[in-house]
Amino acid sequence: MHNLCAECGKPLLVRYDLKRAAASLMRESLPGRGPDLWRYREVLPVENDENIVTLGEG
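In my numbering, the protein residues as written are 383 to 440.
No lab work stands behind these hints: they were computed from the structure. For clarity, every value in this text was computed on a predicted model and none was experimentally measured. It is possible that part of the hints are untrue.
[Stated by the list, open to error] The calculated SDA-like cross-link candidates involving lysine to any residue, where the alpha carbons are at most 20 Å apart (straight line), are: (1) Lys392 <-> Pro427; (2) Lys401 <-> Trp420; (3) Lys401 <-> Leu426; (4) Lys401 <-> Val425; (5) Lys401 <-> Pro427; (6) Lys401 <-> Ser411; (7) Lys401 <-> Val428; (8) Lys401 <-> Glu424; (9) Lys401 <-> Leu412; (10) Lys401 <-> Arg423; (11) Lys401 <-> Arg421; (12) Lys401 <-> Tyr422; (13) Lys401 <-> Leu437.
[Claimed, not checked] Just the calculated beta-carbon pair ranges, DEER-fashion: (14) Gly416 <-> Ala388: 32 to 38 Å; (15) Ala388 <-> Arg415: 33 to 39 Å; (16) His384 <-> Met408: 16 to 22 Å; (17) Pro413 <-> Thr436: 28 to 34 Å.
Even glycine gets a Cβ: it sits at the ideal position worked out from N, Cα and C.
Kindly generate the complete structure, drawing on both the sequences and the hints.
Printed below as a string of structure tokens:
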């Protein structure tokens, strides 16, 4: 995982597209999703589902 800039050593910041997430992430849908952090998939910084790794967190 990369969390620091290779050039300056400062923390990397995630940019969220909250308008896009709001179009598909509805509060009413959360109870029907799994109990892990992936229930918030729309706002997690993973572009390709093949890059998702889980350790059974939740």
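Handout entry: Hints that the structure is at odds with (numbers, increasing)
Key = 13, 16, 17
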